[in-house]
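Build the complex from these two chains, which are given one at a time in their own frames, with help from the hints.
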Amino acid sequence: MTQAAPRVAGGPARSGHSPAEPAPGAGRAALGSVLRMVALVLGAFVFLFPFYYMLVQSLQDESDTSVGGALPIGGWTLDNYSDINSRVDLAGSLVNSGIFTGGVILGTVVFGVLAGYALARLHFRGQGMLFAAMLLVQLVPFQLLMIPLYVMIVRNYGLADSYLGMILPFAINSTAVFIFRQFFLQLPEDLFSAARIDGAGELRILWSIALPLVRPALLTAVLITFIGPWNEFLWPFLITKDTDMQPLAVSLANYLSNVAGRASNPYGAILAGACVLAAPAVALFVAFQRHFTTSDLGSGVKG
Amino acid sequence: MTTTTAPAPAPSREPGRRRSRRTALLGRQPLGIAFAAPYALFLATVFAYPLGLAVWISFHDYFFAAPGATVPRPFVGFDNYVTVLSDADVRQSFVNVGIFLLINVPLTVVLALLLATALNTAIRGRTFFRVSYYVPYITASVAVVAVWLVLFSKDGLVNQLLGALAPDPSWLVNETLAMPLIAVFVTWKQLGLYILLYLAALQNVPKELYESAQVDGATRWQQMRNVTVPGVRPATTLVVILAFITGANLFTEPYLLTGGGGPDGASASPVLVMYQKGIQQGNADVAAAIGVLLVVAVLIVSLVNRRLLERD
Numbered sequence: 001m002t003q004a005a006p007r008v009a010g011g012p013a014r015s016g017h018s019p020a021e022p023a024p025g026a027g028r029a030a031l032g033s034v035l036r037m038v039a040l041v042l043g044a045f046v047f048l049f050p051f052y053y054m055l056v057q058s059l060q061d062e063s064d065t066s067v068g069g070a071l072p073i074g075g076w077t078l079d080n081y082s083d084i085n086s087r088v089d090l091a092g093s094l095v096n097s098g099i100f101t102g103g104v105i106l107g108t109v110v111f112g113v114l115a116g117y118a119l120a121r122l123h124f125r126g127q128g129m130l131f132a133a134m135l136l137v138q139l140v141p142f143q144l145l146m147i148p149l150y151v152m153i154v155r156n157y158g159l160a161d162s163y164l165g166m167i168l169p170f171a172i173n174s175t176a177v178f179i180f181r182q183f184f185l186q187l188p189e190d191l192f193s194a195a196r197i198d199g200a201g202e203l204r205i206l207w208s209i210a211l212p213l214v215r216p217a218l219l220t221a222v223l224i225t226f227i228g229p230w231n232e233f234l235w236p237f238l239i240t241k242d243t244d245m246q247p248l249a250v251s252l253a254n255y256l257s258n259v260a261g262r263a264s265n266p267y268g269a270i271l272a273g274a275c276v277l278a279a280p281a282v283a284l285f286v287a288f289q290r291h292f293t294t295s296d297l298g299s300g301v302k303g
Numbered sequence: 001m002t003t004t005t006a007p008a009p010a011p012s013r014e015p016g017r018r019r020s021r022r023t024a025l026l027g028r029q030p031l032g033i034a035f036a037a038p039y040a041l042f043l044a045t046v047f048a049y050p051l052g053l054a055v056w057i058s059f060h061d062y063f064f065a066a067p068g069a070t071v072p073r074p075f076v077g078f079d080n081y082v083t084v085l086s087d088a089d090v091r092q093s094f095v096n097v098g099i100f101l102l103i104n105v106p107l108t109v110v111l112a113l114l115l116a117t118a119l120n121t122a123i124r125g126r127t128f129f130r131v132s133y134y135v136p137y138i139t140a141s142v143a144v145v146a147v148w149l150v151l152f153s154k155d156g157l158v159n160q161l162l163g164a165l166a167p168d169p170s171w172l173v174n175e176t177l178a179m180p181l182i183a184v185f186v187t188w189k190q191l192g193l194y195i196l197l198y199l200a201a202l203q204n205v206p207k208e209l210y211e212s213a214q215v216d217g218a219t220r221w222q223q224m225r226n227v228t229v230p231g232v233r234p235a236t237t238l239v240v241i242l243a244f245i246t247g248a249n250l251f252t253e254p255y256l257l258t259g260g261g262g263p264d265g266a267s268a269s270p271v272l273v274m275y276q277k278g279i280q281q282g283n284a285d286v287a288a289a290i291g292v293l294l295v296v297a298v299l300i301v302s303l304v305n306r307r308l309l310e311r312d
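Residue numbers (the working numbering), protein chains in the order written: chain W, 1 to 303; chain S, 1 to 312.
It is possible that part of the hints are untrue.
[Claimed, not checked] Chain W residues, not near chain S, derived (Cβ > 10 Å throughout):
#1 MET54
#2 ASP79
#3 TYR81
#4 SER86
#5 ALA91
#6 ILE99
#7 LEU106
#8 ALA115
#9 ASP161
#10 GLN186
#11 LEU191
#12 ALA217
#13 LEU238
#14 THR243
#15 VAL282
[Unchecked claim] Computed list of lysine to any residue pairs in SDA-like fashion (alpha-carbon distance at most 25 Å, straight line):
#16 LYS241/W - LYS207/S
#17 LYS241/W - VAL46/S
#18 LYS154/S - TYR53/W
#19 LYS241/W - ILE279/S
#20 LYS241/W - GLN281/S
#21 LYS154/S - PHE51/W
#22 LYS154/S - SER33/W
#23 LYS207/S - TYR53/W
#24 LYS207/S - LEU159/W
#25 LYS154/S - LEU48/W
Calculated from the structure, these hints are not laboratory results.
Small disclaimer: the values here were computed from a predicted structure and weren't measured.
Just so you know, even glycine gets a beta-carbon here, dropped at the ideal spot from N, CA and C.
For reference, chain S alone in the conformation it holds in the complex (with noise of 0.2 Å):
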């Protein structure tokens, strides 16, 4: 009997020293690697080398040259991060998206808690309001903003609601509050998907645990902090990182229901300022850099997040 060094212990015999050297070199079963050959070919080509070449740039004084044309571009260190980092409207698109998460990721994560709490239960027209919740998730942001923008518009019909309340300058034109209205379309767009993913994770959520804090007498606002919120936990760290992902990389909503920044730069998002930088402009170094320093920043405070929000 021939004793194979596979790091993984075969199951079924596997006769021979060529056998066993290809199964250390290539794992159980190389075909995978034949299968999953086409998929790592594309991460590497629109994935890996992307993002390389954006750190490339990001390093460099680049600029857009004819195709085929060489020109210098020399090595430049720091100077586009420098750069980047003393533009006010960098700064402010930073502040901006503070801004749209600070009022984004907690109303998504209360709201689709609590309504995917009460379509939990048992009752009329579920599909109904599960399809209506999931509809605007769906939607192309394009589309949707068209309405937003005749609603929200100076004449609109929210500002004939509130009458004497309307705010002046009108909301998507109004410095303070544009923002927070992007905020709040952006919230009520994703919804669905958060609902989703909470509705999967309280059909784990023991009955027994509620039986029991039932009986010792727990109301349903009280069993809903202390069985519910425990209980979803993970999907409580998924929701709030994947609602900071998608709000730190926002840009179709700044850009479509803003213009391009909104009133003295209050909507401008980064990947906005990156797009107006670096397509708009030509400059593709200095948005290189907000780029990098953007996912930079996601990633730590997605790890940092992650440690909060897991602790035990």
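Next up, chain W with everything else stripped away, as it sits in the complex (with noise of 0.2 Å):
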């Protein structure tokens, strides 16, 4: 008995469950995982599919949009992505989403730990408050805010243009707050009971006992801290209007929106300067997903 999941175009294929019959406990075993297996790997192709297909496409010197041209065998170049290039100029775009990045991170990283660790091991006034406010932020939509910080920064400040600028509303990462929380709070409380009747000062505590155990976390916070400003697309591209300090997602979403027609394979040039942009983040991932884990997120879907 043969079990085909659906397959929607284009969309996530549904796993084809339907209640199984009734079998020999060994035969059920079997199937479920059968089943469980191709609908796995019908779901990974259908997710990996177009990052295949925008890689190979960048790759054509011809544009094919038929079935076949999806399994190319000739026609490979490198032009497409000297074509981008020329357009948009990836290593300074690319230095500029890494200022951006980097910034971010730097401002999660030093000011997040201190307010994560504060929210979970402190006592202080005014801490429930914060807690309420870092939950809130995560609910309102930057759209919102848009207009008033895009009055603030631009106009008020005048940071149009500016590196600082793109940075200042990203600067510390409310979800990474909340995740150095969780992991703070998750360290045994007589550690730090014990460090306080020894008379050790808060500051002591902070630099000898949390921070060096905060790695695990730190990787977490950082990765998904990275992937904000990384693809942000929206507030860089309000601020600024100098191409040179436009982050690669910017200019990549400009070059789309006046899709030139100049090149043989345009579809090609834009998939190239796609894969430059969604490299590094894959590669980062690939790379360090095995501290990726489940646990620090378990903690919050615990209730």
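So, in structure tokens, the structure goes:
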């Protein structure tokens, strides 16, 4: 009996689950795992196919959107990459993206750890309010704030076309603060009360006890914080008119909106740029996915 | 021995009346205020103040003037809101987002749970699968939009595969298909995060429950329905709320995939309209009104959601 998962064109596959007929235990288990495998493989295929297509088409010299074009034999070229580079200064944009993202990661790591630690292990006035605010921030859409922020940062502070202006609204990632807080909460209380009884000051406790332990959470937080600014399109788009300052996400979007039909394979050029944008993020995650454990998120879903 | 009036019980002796007053005022470790201060300042500047300003703008006749110039910006009460609510474009955008959410949220919950359950078992290549589901999430929308534009273009791969069944006009310029396609796109893109959330929640479902269900003769499907689904209820709430909030605030995808609203505004989202009116046309007051309405709507629905989903 074959169970084929119905393919919705271009959409995620639905795993073809149906109530299993009563069968001897072993048979049922085997069928179950085969089904599962099929579903997972189909799912992975659907998820990865666009990326495969992206890569392949970016290396083609002719735009071929037919089914056969998905599995090209020849026509390989690197022209698309040089094409997009001539339109959009790839290196410069990458550097801008890097500075933007780096600034945010720095701000988050330095101030976020402090805030997360304070929220988790210290008791001070206004603590509850700060925690509530941290949660609330994640609820409100950036777009509501974007106009006042635009007014503030561009007009009042005059920070248009500047790295600081880009970084400011994202300087400390609230999700990361939440992760740090959850992490510090999980550390055993005795560690801290023992140190306090021994007379250690709070700064000392932070420096010698909390910080050395924070590394796993740090990695997760950095990975999460990385995604935001690296892929952020709207805010830098709003405040930069100078194309030299634009991060890659914005430059690419501009190019996309004004698709230049000049290149022989215009889509190829766009996709080449897209590959360049996507590559660092993917590489980073593939390299560190082992550390990106579910345990940090687990505390968030426990209640 | 001094009795402290501190609100929190003090495990260690805190001698001196001065210390206890400070504790009452500032908490046991006032240094925490110093630690948290930069973050608090950041939130106040970048979140609280703009939020207040946005609400203020929505109640005034606001327009961009040269910096430094003082212009009268009279208070206009609810005028902006009335304008917004009677604007057909705005109403259409809310309907569009409704369509989006109707497709995206259930699809996300079902697929994420199914895939997470499948991933939760010991299978070969588990890491590969996990990474592959996560890849769309960490890639910039801008990057993947390009591929989808190509795939779903008039002569794109999908239409070629469909042959005679290919919709005409093609997907993204088709009034009825544009928004659903965007919904599918966003589902695909975000699924990795939700799979991860469900995976985390699945770890907390005790194995014994499955075992006893199996002993009672429950099929895999019944196990799923009676053990898994109730077991991950908090995660489901979280997934629904997160997906809902993300969907309600949709901007990048409609903007990039259908460049400004799509066929007849069929794929415009409220935030897109907000952007068009606020930044492109300079009507910041109307845009702010839309934004405030959106946030209020999201808040209300989130609370209702929460109440519904966590009834016990």
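How the hints compare with the structure:
| no. | hint | result |
| --- | --- | --- |
| 1 | MET54 | violated (5 Å) |
| 2 | ASP79 | holds (17 Å) |
| 3 | TYR81 | holds (14 Å) |
| 4 | SER86 | holds (18 Å) |
| 5 | ALA91 | holds (17 Å) |
| 6 | ILE99 | holds (17 Å) |
| 7 | LEU106 | holds (12 Å) |
| 8 | ALA115 | violated (4 Å) |
| 9 | ASP161 | holds (15 Å) |
| 10 | GLN186 | holds (14 Å) |
| 11 | LEU191 | holds (14 Å) |
| 12 | ALA217 | holds (15 Å) |
| 13 | LEU238 | violated (7 Å) |
| 14 | THR243 | holds (15 Å) |
| 15 | VAL282 | violated (6 Å) |
| 16 | LYS241/W - LYS207/S | violated (57 Å) |
| 17 | LYS241/W - VAL46/S | holds (22 Å) |
| 18 | LYS154/S - TYR53/W | holds (17 Å) |
| 19 | LYS241/W - ILE279/S | holds (14 Å) |
| 20 | LYS241/W - GLN281/S | holds (17 Å) |
| 21 | LYS154/S - PHE51/W | holds (20 Å) |
| 22 | LYS154/S - SER33/W | violated (39 Å) |
| 23 | LYS207/S - TYR53/W | violated (41 Å) |
| 24 | LYS207/S - LEU159/W | violated (55 Å) |
| 25 | LYS154/S - LEU48/W | holds (22 Å) |
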